[in-house]
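Knowing the structure of chain A, use the given hints to seat chain B on it.
There are 2 protein chains.
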Amino acid sequence: MTLPRHRLRVPELAATMTLGPAEARHLHVLRLQAGDEVRVFDGQGHEARATLLELDAGSAVLTLGEAVSGAAETPFPLTLAAALLKADKLADVVRAATELGVAEIRLLVTARADVREIGDQKLTRLGRVAQEASKQSRRAVVPVVHAPVPLATFAPQGQVLVAQPGSVLRVAEVLRWTAPVTVITGPEGGLTDAEVAALVSRGAQAVTLGPRILRAETAPVALLGAIAALGE
Amino acid sequence: MTLPRHRLRVPELAATMTLGPAEARHLHVLRLQAGDEVRVFDGQGHEARATLLELDAGSAVLTLGEAVSGAAETPFPLTLAAALLKADKLADVVRAATELGVAEIRLLVTARADVREIGDQKLTRLGRVAQEASKQSRRAVVPVVHAPVPLATFAPQGQVLVAQPGSVLRVAEVLRWTAPVTVITGPEGGLTDAEVAALVSRGAQAVTLGPRILRAETAPVALLGAIAALGE
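Protein chains in written order, with my numbering: chain A, 1 to 232; chain B, 233 to 464.
Certain hints may be false.
So these bits of chain A aren't anywhere near chain B, every CB distance computed over 12 angstroms [to be verified]:
id, residue
1, Thr18
2, Ser59
3, Leu64
4, Ala97
5, Gly101
6, Arg116
7, Ile118
8, Phe154
9, Gln157
10, Pro180
These stretches of chain A come out as covered by chain B in the derived footprint (C-beta under 8 angstroms, 3 or more residues) [stated by the list, open to error]:
id, segment
11, 6-13
12, 125-139
13, 142-149
14, 199-211
15, 214-221
No lab work stands behind these hints, which were simulated from the structure alone.
A quick note: this is a predicted structure, and the numbers were derived from the prediction, not measured.
All C-beta atoms in this analysis are idealised placements derived from N, C-alpha and C, irrespective of residue type, glycine included.
If we strip away everything but chain A, and leave its shape as in the complex, we get (with noise of 0.2 angstroms):
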């Protein structure tokens, strides 16, 4: 069962909740309507289902359904697949994507990459810089960073989105999640037009960061952060 899309903090789950105007004003931006469901959470890492049982101008009353677990995840697996780059930098993004709710990390090796491999050690790494990160940020899964495949053999399923200098789409015109995401972001000079050409035409959807050239390590960062600010 798809979970409602509007999260409302609340100070305590309880079985009936009574909000103050505040949180009425934003109910009714929303257009949210008695009957509609949303989900309460107590930033305390407690989520839940709740119904919308009265919605006047100075305040709204919910009675609570069931709890919601994982509420840090996504509703859908998002992978983020990212260009090889030196491990330094990589154990940046993959501690940033973790916070930022990445499942799974798949690593890419692609026409212009300067770094085509990554020793095994080296990866362990990444898998610990992975389980610190996500224990930081308060997370039940810990994603999985797998080692490179070339581009031309990697498969992605659901919606693809690639990040593209020059892309006139923006990320909020096209994520859905209705399915899995995965974001590609490529190495130190950018993907090939070639190689963007070839995603897109497998169905992925390229689109901007804005119009600065952004580096490799920010890219990735640059637009998790854009999906989990846009909520899900």
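Below, chain B without anything else, positioned relative to chain A:
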């Protein structure tokens, strides 16, 4: 005069530009019609206004208007106001924030800051980091990194967004480019509830970056990434 919202990549800026079915489809999705203005850019740093002359299923014809200068800059100045962190983490934040388009970086002393000051040499070094990052991302503007001030005396102008774990408002719901924008991010351990409440009482909007806990150095990159990906 406000710039047209939508940007379109073209092979070359020319007096008359005829685009193919893919671009025509994109313009349809954006609900644009003959007579509407867009921005066209060539991905090499040139950008201009253009007017849509004809649009059908198979092609779009545009006529060139005035050149747009400073195409890599946000429509109004974007300021990052970040709580003081250790100098090496600040350098990473300054570098990424510069790539993501900030015009100014303010450093804040906050209640939970474990770092409360920064030496002149380190501040000068952050300025150099901004300069290098600006050059790398092909910007005309080098963000100034200002000496720290206490959060209580910081008086941002325009629209103010503060990253708050547990907020329910999304950047996409609130961001307008009708004035300068300032984004405020906290230290390790976060801003206190009282600090966020004081900012909100002075007009700031608390926005979410998703349900997970982000490190202090990830939050600004994620938030600025979201702003860049939303388009300007």
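Status of the hints after comparison with the structure:
Every beta carbon of chain B lies more than 12 angstroms from that of Thr18/A, the smallest distance being close to 17 angstroms; the non-interface claim holds. Every CB of chain B is more than 12 angstroms from the CB of Ser59/A (nearest about 17 angstroms), matching its label as outside the interface. Chain B leaves Leu64/A outside its interface by the beta-carbon criterion, the shortest separation being 17 angstroms against a cut-off of 12 angstroms. With a least CB separation of 10 angstroms from chain B, Ala97/A falls inside the 12 angstroms interface cut-off, contrary to its annotation.
The claim that Gly101/A is not at the interface with chain B is violated, since a C-beta of that chain comes within 12 angstroms of its own (minimum 6 angstroms). With a least CB separation of 23 angstroms from chain B, Arg116/A remains clear of the 12 angstroms interface cut-off, as annotated. No beta-carbon of chain B comes within 12 angstroms of the beta-carbon of Ile118/A; the shortest separation is about 22 angstroms. Every beta carbon of chain B lies more than 12 angstroms from that of Phe154/A, the smallest distance being close to 23 angstroms; the non-interface claim holds.
Non-interface status of Gln157/A relative to chain B is upheld: no Cβ of that chain comes within 12 angstroms, the nearest being about 22 angstroms off. For Pro180/A, the condition that its CB be more than 12 angstroms from all CB atoms of chain B holds, with the nearest at approximately 17 angstroms. Coverage of the segment 6-13 of chain A by chain B holds [criterion: at least 3 residues with CB-CB distance below 8 angstroms; count 4]. Counting residues of the segment 125-139 of chain A whose CB falls under 8 angstroms from any CB of chain B gives 4; the rule of at least 3 is met.
Given a C-beta distance limit of less than 8 angstroms, the hint that chain B covers the segment 142-149 of chain A is violated, as 0 residues qualify and 3 are needed. With 5 residues carrying a beta carbon less than 8 angstroms from a beta carbon of chain B, the segment 199-211 of chain A meets the three-residue requirement, and the given coverage holds. Check result for the segment 214-221 of chain A against chain B: holds, 4 residues qualifying (beta carbon to beta carbon below 8 angstroms, three or more required).
Figure legend: structure checked against the earlier numbered hints; hints not met, in rising order: 4, 5, 13.
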